[in-house]
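Asker: Those protein sequences? They're chains A and B, same order as listed. Using this note's numbering, read the first sequence as starting at 106 and increasing by one per residue. Using this note's numbering, read the second sequence as starting at 406 and increasing by one per residue.
Derived from the structure by calculation, the hints contain no laboratory data. Watch out, some of these pointers could steer you wrong.
[Said to hold, decoys possible] Under the rule of at most 27 Å between Cα atoms (straight-line distance), these lysine-lysine pairs were calculated in the DSSO-like manner:
#1 B/K546 - A/K188
#2 B/K598 - A/K195
#3 A/K264 - A/K209
[Stated by the list, open to error] A few chain B residues that don't get close to chain A, going by computed Cβ distances all over 12 Å:
#4 C531
#5 D712
#6 W894
#7 S966
[Stated by the list, open to error] Here chain A is said to cover these stretches of chain B; the calculated rule only asks that three of the stretch's residues, wherever they fall, bring their Cβ under 8 Å from a Cβ of chain A:
#8 516-529
#9 685-698
#10 714-720
The beta-carbon is built from N, C-alpha and C at its ideal position, and this holds for glycine as well.
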Amino acid sequence: MANPKSAYSIPTKIGKFDTHIFVVWVDNEAGVLARVVGLFSGRGYNIESLAVAEVDATKNISRITIVTTGTPQVIDQIKLQLKKLVPVHKVADFKREDKNVIFKEMALLKVVGNKKKIEKTLKACKSFNPVILDKTKQSVVIQITALRREIDKMSKKLKPLGLTSTSRTGAIAMTRGAEVFK
Amino acid sequence: MSKLYSGAEIVFKCLEDQDVKFIFGYPGGAVLPIYDELKNHSTIKHILVRHEQGAGHAAEGYARSSGKPGVVLVTSGPGATNVVTALTDAYMDSVPLVCISGQVPTHLIGTDAFQECDTTGITRPCTKHNWLVKDIKDLPKILHEAFKVATTGRPGPVLVDIPKDIQFAKTNYFKQKKEKKIKEKIHSRFSEKEIDNLIELISKAKKPVVYSGGGVINSGPKASEALREFVRLIGFPITSTLQGLGAFPGDDNQFIGMLGMHGTYEANNAMHDCDLLINIGARFDDRITGKIDEFSPKSKKVHIDIDPSSINKIIKVDLAIVGDVNEVLETTIKKINKKKNGFKNSNKQNTSKWWEQIQKWRLKNSLGFINSDQTIKPQHAVQRLYELTKNQDTFITTEVGQHQMWAAQHYKFNKPNRWMTSGGLGTMGYGLPAAVGVQIAHPDKLVIDIAGEASVLMTMQEMSTAVQYNLPIKIFVLNNQYMGMVRQWQELLHEKNYSESYSEALPDFVKLAEAYGCKGIKANNPNELDSKIKEMIDHNGPVIFDCQVDPNENCFPMIPSGKPHNQMILGPNDKEENKITGKGKALV
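Next up, chain A with everything else stripped away, as it sits in the complex (with noise of 0.2 Å):
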């Protein structure tokens, strides 16, 4: 048993993790993403990745995607500490197997090699969109979008091609159909 000489009660049985995405639309202002990212850090909560940026110029509105996990419980905390920032008009949570909801992610992909190496990169790349952003003789940078554990098989499918560097952007998200988050 955990030490029990505490003034604190013993930590309880830990519920099943899940990954959800938070999208939350702020006011753009000096320190905004300080509180939200804070926030995180300061109840220990779980940041995987993150996204932002100005959505609307007019209304000076940001989007940021965070994609986060924790027990149900700590998920709808989350929600309900991330609704009462003073910067904060509305919180949508999604859960990552919700097929409503469209995730994507960015990656650059610099894969240095023959000729022979490049070619079997782009072709293992085909089904995540591929643009070819630059190349040369012994070069290439792509960029793909998919999942984020697509990208996580790739660059791992193409570091013996020779992947030297890559760089990723958090997810972002987004409902289908013609409805809005309200």
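Go by the hints and put chain B onto chain A.
Answerer: Structure of chain B alone, referenced to chain A:
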């Protein structure tokens, strides 16, 4: 073209529009323009403290006892960092504070200038919101919003950081408009159906208990009235958290005492055995719940709270009602009265067995202690203080530790806003400056800080403030020469290894009082206690009362950590059946 005002003038214009009467502060380089402007605003009185932490706690005392937001004014750098403890304290206990801090001029921000610190960065996690004013045009709007954020929903502290050049810069000033905000944080969103569900649960309950908290106090005096009406209407037993004391009369028969770690036997057992638990404005704090897995295992749980993030945070509840306590209770009372005539009688039958059980628990007299005619027992001192002050409207503040728990257990509060204590953060040194703030808000009332000698030394310098403004606060020090709660834990958990919990060199509190220019009184034995307490009350001016109490007394009853509510350690009167055996001791 309308008149242009400087930033410093705008600060005061806003304070005037917000009906602020007092600010607690300490001047310094980066707030000098604001201090320069002070002389032109006669309706606002500045209270000069001796340390910025004192300003924060005094503002807390002012806010809690008056229901109005407390305003703090400090300089940049150390001024701001010194107030962080008080802001955190206010954040934990939901006290509305507006802190205005000076900052180095905008062109020096980020250059490690003299007395510069990242104030908004440092205070971000301990305020509801904060602002760094970079443009003078934003200042009026930000200041008014600051008051709004501090006082609406679940109250809390906010901070506005104003660089010195902004205090000099000029702009127009417009009175606050009743503007429609695009995004209003909605606070009361409960539905009729939820109220119906609550009434349904109430009518079915056989073993109910109401557990009320600081949210009732924060909801205003009307909420306390509503709580009394509600609880009397349904006839249920009611217990209260530390912060909720006074919302329901402490000497009422339906009140079963405070609950939690040092709560009464009857309150904690009722929480454990109940079949319906109605939480009104409390947050299932870990000092209340004990072991989560075994917290009130058989009950349906209802949680009424204005803060949605409080719900299901620690304890999963069956019915959540998000809203202002007063609104929820008034709606419920109306519905009960409309729906069910004779509701009370049928309820009485339902709960009569439960009340019998509660009476049995009460017979344990869990707050009992073995009194002495040789040494002053601290519990006895608090009881005498209560008896000798209960006939007048008395305001009590405390520091943190054993004396705080004894005060909560033995002083009975009959009105809200009469009890100011640091519960969430547990800030030693809170009580003395808080008493300063309370006395400012209620100049003609009796204000007593029930203190420990260790805590009170942390902010003792504020006696100087009390003397300056002739605030007749009474500092009632239960002096046991130990950090008593630390000593108690060391006795129970660490084999009586009293590591660093004894104060070797305490000051002579009577001489200390005299050095500050106030009165010092010392009581050594029980015979002289009453007359000395009377002497303290009758003295028209600040007093430090050195009450020499038994240094070895422990605070009971107590729920050992990791234990549920029904496994309390009772006091020495009950030693026989509750001896802490070897095994039990390891579990404390």
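Asker: Taking 27 Å as the top limit, are the C-alpha atoms of B/K546 and A/K188 close enough?
Answerer: Distance ~22 Å between B/K546 and A/K188 Cα, so the pair holds.
Asker: Within a Cα-Cα threshold of 27 Å, do B/K598 and A/K195 meet the stated pairing?
Answerer: Since the Cα atoms of B/K598 and A/K195 sit roughly 25 Å apart, the hinted pair holds (cutoff 27 Å).
Asker: Since B/W894 was said not to touch the interface, does its Cβ keep a gap of more than 12 Å from each Cβ of chain A?
Answerer: About 7 Å separates B/W894 from the closest Cβ of chain A, which leaves it inside 12 Å; violated.
Asker: For B/S966, is the shortest beta carbon distance to chain A beyond 12 Å?
Answerer: violated, 6 Å
Asker: For the region 516-529 of chain B, count the residues whose Cβ lies under 8 Å from any Cβ of chain A; is that count three or more?
Answerer: Since 3 is at least three, the answer is holds.
Asker: Confirm or reject: B/D712 is not an interface residue toward chain A, with every Cβ-Cβ distance exceeding 12 Å.
Answerer: violated, 7 Å
Asker: Are 3 or more residues of the region 714-720 of chain B near chain A, judged by a Cβ distance of less than 8 Å?
Answerer: With 4 residues closer than 8 Å to chain A, the region 714-720 of chain B meets the three-residue bar; holds.
Asker: Are there at least three residues in the region 685-698 of chain B whose beta carbon sits under 8 Å from a beta carbon of chain A?
Answerer: holds (count 6)
Asker: Holds or violated: A/K264 with A/K209, Cα cutoff 27 Å?
Answerer: Holds - the C-alpha atoms of A/K209 and A/K264 are around 22 Å apart, at most 27 Å.
Asker: Please verify that the nearest CB of chain A lies beyond 12 Å from B/C531's CB.
Answerer: violated, 10 Å
In this structure, the hints that do not hold are numbers 4, 5, 6 and 7, in rising order.
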